[in-house]
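**Q** The primary structure of each chain is shown beneath.
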Amino acid sequence: MQPAKFEFARARSLGEAATILRQASGSAKVIAGGQSLGPMLNLRLARPSVLVDITAIPELTRIEEDGDGVMIGACVTTSDLEDGRARVDGLPILATVAAGIAYRAVRNRGTVGGSLCHADPAGDWLPVLCALAAECVVTDGSRVRRVPIQGFVTGAFEVMLEGAELLQAIRIPRPSRAARCGYYKVSRKAGEFALASAAVLFDREGERFRAVIGATQGRPIVVEDARSILRGVPQPGGAVELDATAAGALLRRAQLPAHMRLYTTALVRAAAQAMA
Amino acid sequence: MRSVELTVNGVAVVEAVEPRLHLADLLRERLGLTGTHLRCEQGACGACTLLIDGEPARACITYAVLCEGAQITTIEGLEDDPIMVALRRAFTAEHGLQCGFCTPGMLITARDIVRRLPGADERRIRLELSGNLCRCTGYVGIVRAIRRVLQEVRSGALAAAASERRKLGPVGSGRAGPAPGGLSVSPAAAAGGDKRGAIADADLGLAGRKPNIEIHQSLVIARPQAEVWTFLGDVERVVPCMPGATLSAVRGDRLQGGLAIKLGPIVAAFDGEARVVRDDAMQRGMILGAGRDRLGASRASGELEYRLSAVQGGAATRLDITVRALLLGPLAQFGRSAIVTDLAARISEVFARNLERRLAGLPDATQQKAIPAASLLGAVIAERIKNALARLLEKFRR
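Heads up: the sequence lines are chains A and B, in that order. When we follow the numbering used here, the leftmost residue of the first sequence carries the number 1, and every step to the right adds one. When we follow the numbering used here, the leftmost residue of the second sequence carries the number 1, and every step to the right adds one.
Simulated from the structure, these hints should not be mistaken for laboratory data. Backbone N, C-alpha and C define an ideal beta-carbon position, used for all residues, glycine too. One should not assume that every hint holds.
Just a few of them, taken from the derived set where beta-carbon distance is under 8 angstroms, the chain B residues facing chain A [stated by the list, open to error]:
1. Pro19
2. Gly35
3. Arg39
4. Gln42
5. Arg58
6. Thr62
7. Ala93
8. Glu94
9. Thr109
10. Arg123
11. Leu127
12. Arg166
13. Val171
14. Gly174
15. Ala176
Distance windows between CB atoms, simulated [unchecked claim]:
16. Arg44(A) / Lys210(B): 16 to 22 angstroms
17. Gln151(B) / Gly232(A): 43 to 49 angstroms
18. Ala162(B) / Pro92(A): 18 to 24 angstroms
19. Gln42(B) / Arg261(A): 28 to 34 angstroms
20. Lys210(B) / Met260(A): 41 to 47 angstroms
21. Val140(B) / Gln217(A): 50 to 56 angstroms
22. Glu162(A) / Gly10(B): 25 to 31 angstroms
23. Arg154(B) / Glu241(A): 41 to 47 angstroms
24. Arg188(A) / Arg124(B): 52 to 58 angstroms
25. Gln151(B) / Arg261(A): 47 to 53 angstroms
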């Protein structure tokens, strides 16, 4: 199995990447670790004319703390987070989620940014970063803009990047010290893509109780106030129950009737983790 | 085509590749390293798992061009690795394989478990193995084998140092590589398939195998660098500088020819093929060759790498040559001794002198068809007889 022919370019700077992408006018594809794109290329599902390697751009493998958040370079890998090589204080959920993604051999090359840009609805980072209210830092080589992650992904395998833009980093606002995040996914086999997933952020101090349902048919479903689908008082050590009627209605609206039990199970378990 | 330079099992490899060529195909088809198996080619089955920069990764979804400057270690390169030695022993003892198809990938993952998770229990081992599919033995024997080795680590009988990786980003990637430009590959090489001659591309050069001959030489040629570079690109002028060498055909980047060697009573006449790769930007060239002795049963394959640099303010050129070769068959018994190394050194000395003379428009210094090395041989044989006698005496003393 061999991909359809493509040209190859390696960008050494954000500006260079933008220039290459602009010249290719839409037929180029950015590659970092290639762990999602690789299978698609091999299966000839993706047939870009040019592949642009961005891993040699120094900014993309940086971890930077700013006042109230942390910026994770787009080319930081899943195992960088799993091992704590990429040090992100106050967000232990990142290492936990990382350890459950695919397999070690894949995590050693697969990047967080690549996973987000690939925008597979069943991917792990998308629901988790939605729960954490992350922002995507997007650049076209000169202009930088921040886009809320919910706006970054526009549908299944679709993101809002245009022309010469690429994802530079993911910025996560630092949650309060009381905040806890839970994530649960249902898959047929360890390492496979999720059939259903959910992420829950519970922040007693910030009074946040956000739930996200992932592995949908498109964008994840974000419920800003999870009390609308989970009954009971959210508190540390507490327990919440599923509001079957409300959750059922929500899932039906999202046209997810097929595995409803899988989604609600993931939701309840993620919430339990966030309150543990 | 694009030039990619990487290290495979400790050996530097420069290859002209199509961007779509994945690592597993490069290793298997070009370098003859078939220990890396291929099945799903979509990153799911784990058969192609190998080490990139020391960490496990999938070869089938990692394109060679993404690995500029990377260290690739295949199952062949872990022959003497202490953890791998212990794992192989344990896989045998615990019946950890049957057909063997998944085994190379399984062993790479097992080694990663041993290094990264020395405290792993059965559940964790099974979780970590979820990315390597086995279709015949099942996992019971494999899990037992890994547990056995973990036990050795915990008891202190086996050392297993954890990874020291600090760099962030995909393993193997992130190096900017040489400036754009790179290899000038002849149109024939770009268009042609892998089998343009009698010898497949995969059999030319070392293909990741360990050489048993390694020679480094530096020569200074009293001509400017540009002149030497151009001359070296013209094989029909270069080959005659080599004592004993003949060129019979040139097709694109492929050469056919012979090399006659006379070493006292030993005569060899190698017929072979070679492929030439030149990198204008880096002023570096590589000749990958393989041949067979027409007179005996010896076989040789090897790589000659040369780099040019200006010396004496540009008036002269330094030519650094590295030859790594693997000699098999009857002649190989001399492979590790000084005999071949010295002979090769003499050949290249004559080569450099001829090169210089040709550049200056003079006739060759020597017109020898083969290098007579009787005196050299005499010295080496005397040494060998002494060694053999010493060994014999040692046996008697026991």
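**Q** Hints broken by the structure, by number, lowest first?
**A** 2, 3, 7, 8, 10, 16, 20, 21, 22, 24 and 25
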